[in-house]
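Asker: Single-letter residue listing:
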Amino acid sequence: MSASSVHSLWTTAAPVADKFPTPHIEYAQLSPVLIVFAAAALGVLVEAFLPRRSRYTAQVGVAAVGLAAAFAAIVALADKGYGTTKAHIAAMGAVAVDGPALFLQGTILLVGFVAIFTFAERRLDQRAHGNRVDSFAAQGSAVPGSDQEKAAVRAGFTSTEVFPLLMFAVGGMLVFPAANDLLTLFVALEVFSLPLYILCALARRNRLMSQEAAVKYFLLGAFSSAFLLFGIALLYGYAGTVSYSGISAVIDGTAPMNPALASTTGNDALLLIGLAMVTMGLLFKVGAVPFHMWTPDVYQGAPTPVTGFMASATKVAAFGALLRLLYVVLPGMRWDWRPVMWGVAIITMLAGAVIAVTQTDVKRLLAYSSIAHAGFILAGVIATTPDGISSVLFYLAAYSFVTLGAFAVVTLVRDAGGEATHLSRWAGLGRRSPLVAAVFAVFLLAFAGIPLTSGFAGKFAVFKAAAGGGAMPLVIVGVISSAIAAFFYIRVIVLMFFSEPKADGPTVAVPSVMTSTAIAVGVAVTLVLGLAPQYFLDLADKAGVFVR
Amino acid sequence: METLIGLLVAAPLLGAGVLLTGGKRLDRVGHWIGTLLALLSFVFGVVLFADMLGKDADARTLTSHLFTWVPVGGFQADVGFQLDQLSMTFVLLITGVGTLIHIYSIGYMAHDERRRRFFGYLNLFLAAMLLLVVADNYFLLYAGWEGVGLASYLLIGFWQHKPSAATAAKKAFIVNRVGDIGLSVAIMLMFTTFGSFAFNQVLPQAQQASTTQHATITGIGFMLLLAACGKSAQVPLQSWLGDAMEGPTPVSALIHAATMVTAGVYLITRSGAIFNAAPDAQTAVVTVGAVTLLFGAIVGCAKDDIKKALAGSTMSQIGYMIMAAGLGPIGYVFAIMHLVTHGFFKAGLFLGAGSVMHGMNDEVDMRRYGGLRKYMPITFVTFGLGYLAIIGFPGLSGFFSKDKIIEAAFAKGGTEGWILGGAGLLGAAITAFYMTRVMLMTFFGEKRWVPDAEGHEPHPHESPSSMTIPMIILAFGSVFAGAFFSLNSRFVHWLEPVTGHSEGDSPVSAGTVTAATMAVLVVGVGIAWLMYGRRPVPSLAPRGSLLTRAARRDLLQDDFNHVVLVRGGEHLTRSLVYLDHSLVDGVVNGTAASVGGLSGRLRRLQNGYVRSYAVSMLGGTAVLVAATLLMRAV
Numbered sequence: 001m002s003a004s005s006v007h008s009l010w011t012t013a014a015p016v017a018d019k020f021p022t023p024h025i026e027y028a029q030l031s032p033v034l035i036v037f038a039a040a041a042l043g044v045l046v047e048a049f050l051p052r053r054s055r056y057t058a059q060v061g062v063a064a065v066g067l068a069a070a071f072a073a074i075v076a077l078a079d080k081g082y083g084t085t086k087a088h089i090a091a092m093g094a095v096a097v098d099g100p101a102l103f104l105q106g107t108i109l110l111v112g113f114v115a116i117f118t119f120a121e122r123r124l125d126q127r128a129h130g131n132r133v134d135s136f137a138a139q140g141s142a143v144p145g146s147d148q149e150k151a152a153v154r155a156g157f158t159s160t161e162v163f164p165l166l167m168f169a170v171g172g173m174l175v176f177p178a179a180n181d182l183l184t185l186f187v188a189l190e191v192f193s194l195p196l197y198i199l200c201a202l203a204r205r206n207r208l209m210s211q212e213a214a215v216k217y218f219l220l221g222a223f224s225s226a227f228l229l230f231g232i233a234l235l236y237g238y239a240g241t242v243s244y245s246g247i248s249a250v251i252d253g254t255a256p257m258n259p260a261l262a263s264t265t266g267n268d269a270l271l272l273i274g275l276a277m278v279t280m281g282l283l284f285k286v287g288a289v290p291f292h293m294w295t296p297d298v299y300q301g302a303p304t305p306v307t308g309f310m311a312s313a314t315k316v317a318a319f320g321a322l323l324r325l326l327y328v329v330l331p332g333m334r335w336d337w338r339p340v341m342w343g344v345a346i347i348t349m350l351a352g353a354v355i356a357v358t359q360t361d362v363k364r365l366l367a368y369s370s371i372a373h374a375g376f377i378l379a380g381v382i383a384t385t386p387d388g389i390s391s392v393l394f395y396l397a398a399y400s401f402v403t404l405g406a407f408a409v410v411t412l413v414r415d416a417g418g419e420a421t422h423l424s425r426w427a428g429l430g431r432r433s434p435l436v437a438a439v440f441a442v443f444l445l446a447f448a449g450i451p452l453t454s455g456f457a458g459k460f461a462v463f464k465a466a467a468g469g470g471a472m473p474l475v476i477v478g479v480i481s482s483a484i485a486a487f488f489y490i491r492v493i494v495l496m497f498f499s500e501p502k503a504d505g506p507t508v509a510v511p512s513v514m515t516s517t518a519i520a521v522g523v524a525v526t527l528v529l530g531l532a533p534q535y536f537l538d539l540a541d542k543a544g545v546f547v548r
Numbered sequence: 001m002e003t004l005i006g007l008l009v010a011a012p013l014l015g016a017g018v019l020l021t022g023g024k025r026l027d028r029v030g031h032w033i034g035t036l037l038a039l040l041s042f043v044f045g046v047v048l049f050a051d052m053l054g055k056d057a058d059a060r061t062l063t064s065h066l067f068t069w070v071p072v073g074g075f076q077a078d079v080g081f082q083l084d085q086l087s088m089t090f091v092l093l094i095t096g097v098g099t100l101i102h103i104y105s106i107g108y109m110a111h112d113e114r115r116r117r118f119f120g121y122l123n124l125f126l127a128a129m130l131l132l133v134v135a136d137n138y139f140l141l142y143a144g145w146e147g148v149g150l151a152s153y154l155l156i157g158f159w160q161h162k163p164s165a166a167t168a169a170k171k172a173f174i175v176n177r178v179g180d181i182g183l184s185v186a187i188m189l190m191f192t193t194f195g196s197f198a199f200n201q202v203l204p205q206a207q208q209a210s211t212t213q214h215a216t217i218t219g220i221g222f223m224l225l226l227a228a229c230g231k232s233a234q235v236p237l238q239s240w241l242g243d244a245m246e247g248p249t250p251v252s253a254l255i256h257a258a259t260m261v262t263a264g265v266y267l268i269t270r271s272g273a274i275f276n277a278a279p280d281a282q283t284a285v286v287t288v289g290a291v292t293l294l295f296g297a298i299v300g301c302a303k304d305d306i307k308k309a310l311a312g313s314t315m316s317q318i319g320y321m322i323m324a325a326g327l328g329p330i331g332y333v334f335a336i337m338h339l340v341t342h343g344f345f346k347a348g349l350f351l352g353a354g355s356v357m358h359g360m361n362d363e364v365d366m367r368r369y370g371g372l373r374k375y376m377p378i379t380f381v382t383f384g385l386g387y388l389a390i391i392g393f394p395g396l397s398g399f400f401s402k403d404k405i406i407e408a409a410f411a412k413g414g415t416e417g418w419i420l421g422g423a424g425l426l427g428a429a430i431t432a433f434y435m436t437r438v439m440l441m442t443f444f445g446e447k448r449w450v451p452d453a454e455g456h457e458p459h460p461h462e463s464p465s466s467m468t469i470p471m472i473i474l475a476f477g478s479v480f481a482g483a484f485f486s487l488n489s490r491f492v493h494w495l496e497p498v499t500g501h502s503e504g505d506s507p508v509s510a511g512t513v514t515a516a517t518m519a520v521l522v523v524g525v526g527i528a529w530l531m532y533g534r535r536p537v538p539s540l541a542p543r544g545s546l547l548t549r550a551a552r553r554d555l556l557q558d559d560f561n562h563v564v565l566v567r568g569g570e571h572l573t574r575s576l577v578y579l580d581h582s583l584v585d586g587v588v589n590g591t592a593a594s595v596g597g598l599s600g601r602l603r604r605l606q607n608g609y610v611r612s613y614a615v616s617m618l619g620g621t622a623v624l625v626a627a628t629l630l631m632r633a634v
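Those sequence lines, one after another, are chains A and B.
Under full-length UniProt numbering, the first residue of the first sequence carries the number 1, and numbering increases by one thereafter.
Under full-length UniProt numbering, the first residue of the second sequence carries the number 1, and numbering increases by one thereafter.
Rather than coming from a laboratory, the hints here were simulated on the basis of the structure.
Predicted model only: the values in this text are computed from it and were never measured.
Some hints here could point you the wrong way.
Far from chain B by the CB rule (all over 10 angstroms, computed), these chain A residues [claimed, not checked]:
1. 25
2. 87
3. 122
4. 139
5. 183
6. 204
7. 219
8. 224
9. 279
10. 339
11. 357
12. 359
Distance windows between CB atoms, simulated [what the hints assert, rightly or not]:
13. B:609 with A:205: 41 to 47 angstroms
14. B:631 with A:435: 37 to 43 angstroms
15. B:164 with A:502: 35 to 41 angstroms
16. B:585 with A:131: 29 to 35 angstroms
17. A:479 with B:170: 37 to 43 angstroms
18. B:622 with A:127: 17 to 23 angstroms
Glycine included, C-beta positions come from ideal geometry on N, C-alpha and C.
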């Protein structure tokens, strides 16, 4: 391709310079995203200009206020009807403001808000030289085990940078499910992925493992981004546009032909390959088999508060983007992607549940459980009915709080080396700390989908939608997987309550009000969504219409 | 008045609740509480009876709807009571005889440290039985029915430290469960057929349904009969009754006279409309009744245990009642009349037997009695009057009621009438024989007393007045009740509005039947006197004929049950357990093992190397792309 043809590709694809319209940005409707990014930028400034001793308080305050304000903005938008009647596409076609976007953004903001509490916990680890410390490395740049690190620990340093990083990640996640063209999708993906890579590397204990996890995550994430980007290029080649509605129109055959792209436009091979690759990029983020292999390693290595945040919020954002892609861009293609997604959902459910059976580390166990849950959610995604959308929305909200709570409990069970995550160390926990064990049992029962927990309501909604969408075999596989999964969830409960405690077993640290709040919120949401799910199901139902 | 029906049931129920939950504090007064509440219930019954007598014969039914018990869509079960003449008769019998047995038990159980509990169970028994007879629908009746089963289980096994008592209680319970299945199936069939459980809905529709849904009605009839066989110890579900003698003697009296075994007769009489509409089921009822009346009588002849002999007699007498109830409108009234007179004399006989045992160190073998009339004059006289009543001595209660049943059997007409009447007469002869045998072996002849296991010589003595007074009262009933009922056909007129009555068409005159009854009576008593009165009774049972030996073993019923049901059941359960272990567990454990194995193998794919993760992603993407393209190609 010559330079001139590249030039003409750019110039013809986009309007010519003199007709370039002034970008019209609906600031009010984008306010949730803008507030979060502003708070993140403010966090960077805090890091740069405030003295060390006041940074922690300032960062926690900025992050909490920012997320709360953004959530308030979401509620205000939804109240004005942007989720339903006034749903439209803002920012020059880049970002959708509609029901699913607002619902998922609200969920992500709440998850982020609770995650701040687990990030800010400073009572669990023993004091380092008289200073209270959190789960994060004293100084991320110090080589593990070096003198520099020891000096940093002695000086009582803490990585308060995690709060702006968290805010940037949340900002990216807010855009991800709302992205209405492929480039915005890609940018949002990178915006939330990069801070997560860094956060994964920042564990205070087991730093080498943490850094290994971050590198793995980064490499594999970059690898999948490459596929995603290549897929985007192919789709552009097919449709001559990256906008969702534009591609959708070409697929439906309703778009005017762009003469400059006549040679490639409508080439179904481009469409199908591009579709498969973009889907793969998103499946990587949700942790579907066979793109799941990073999950256990990263979940295990990352600082547990980060794991909890990542496992819940990333999944919400990524499933949001996947839903929008499949429902807005590709509805006309569902006979092409449905069988493939069926296969992915089935092996994801089965592989997640089966491999989890032999796990011995509680964080890895939860990682495989999250893979199995990704499979369950995929079953709802594949339904391609309005019920499918709302059931997935509900499931994501329910699942993310259970996950956050469960990982928060994991941070409490500690021994001399930090968190005691090996399952054998959890034996008899129920005898020594009945409350903590009972709370964890509630989360496990919710994961297993036992009635009266949010897990049951979510699973029921998803499977019902899948059955309604004609995916009965998926439901059967889902129920079988749930049965397998129930085995290892219940096994942990049995281990906690019906085994003799070990003599040198771990202690359960008494958390500050921070982690207690996070866990309490997790339990409350789990039980409320389990006991009285109707209001929230209705809410998800109302929010379940994509703007096109 | 309507509320009084509820209180009738509530009083003993309250007693049961208080006594069973009250704990040791109530040990000293528990038996008085129980007795007073039973008496209170009897007083309520009498008040209701007086009120009922003041009304016209056709307007005597009292109903009271308490609340809707199970409101589920089209399925509605009510708690409501219906008190008509039939229920009233039972109420008076249950509370009256029941109260006397309570009073008797104060003395009989004086030395038992669990006496409070015993009275609690007795009260529960009364409450359940009362609920059964005053319920206005089958669903509530079933509740009472099960309550009776529970209370009988608790009371038969009251001396649970004896393995035989525990086994007997279990046996009674299990055999009753078989009958209960019949009742529950019948109730379900009723609901699907008539859409209701209420007597006033189901029964009026039965006649009409017999043409449209004949098979169903017949099925209901058979299932009701099965239920009645269980509770009333009729062939083939009679085997529990003999073993139930393991309970304290007042319990036997209660079971045999006032509660429990009468429930089956009540059920059949109450469901008369259904049986009238299902002639096949009715034939089955008379057959069961006739067979049982002979069966019980034969068993009664061979038993040396005084209580078991009386148990055989109960079986036989209930057989008379079931047979009468199976005769239809000719017999319902006489079934109930015999039930009431039997209630008096059988309670009296059992209390007498208890009194004898009380004086004889709890010895039950009649071959070790003898000559007791001098030592226990009151027991002798009251027992003797009960004896005369049961064999149908002219003028006493049993004479009137049994005679009427035999007459009604003949009045059935045709071959059937002759067979049934003949069975009734034969039964009367055998009754006379075995009851005379009991009487002679216990109160007459030589002393054959032996010391008990601990070496105590028996010192027979008259029982305390708390025991003798109930016996005396019951003896009055045994003597006069029949004549009172029969005068001007009083009882017939009393029950007719509920059960209906027809005279039937007897091929033989009433006088002939009476004469025949008298003749067989004399024959039976005579043979017994020849065998046990004139000759000394051996203290060890002779080997006896084949029939005697079979009868001693309850005509091999237990052997039959053991071989057919117990062994069969054991084989069935054993093979099911084997299947469960090998097949079900095999599949379950195999699945678990294979999932675990698969998991272990898949786990190895997760080797920690980024390069192999990347390869799997690459491969996955390739498959994804290929599959997507393939889908289009296909």
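Asker: Can you name, in rising order, the numbers of the hints this structure does not satisfy?
Answerer: Hints 7, 8, 9, 10, 11, 12, 13, 14, 15, 16 and 18 not satisfied by this model.
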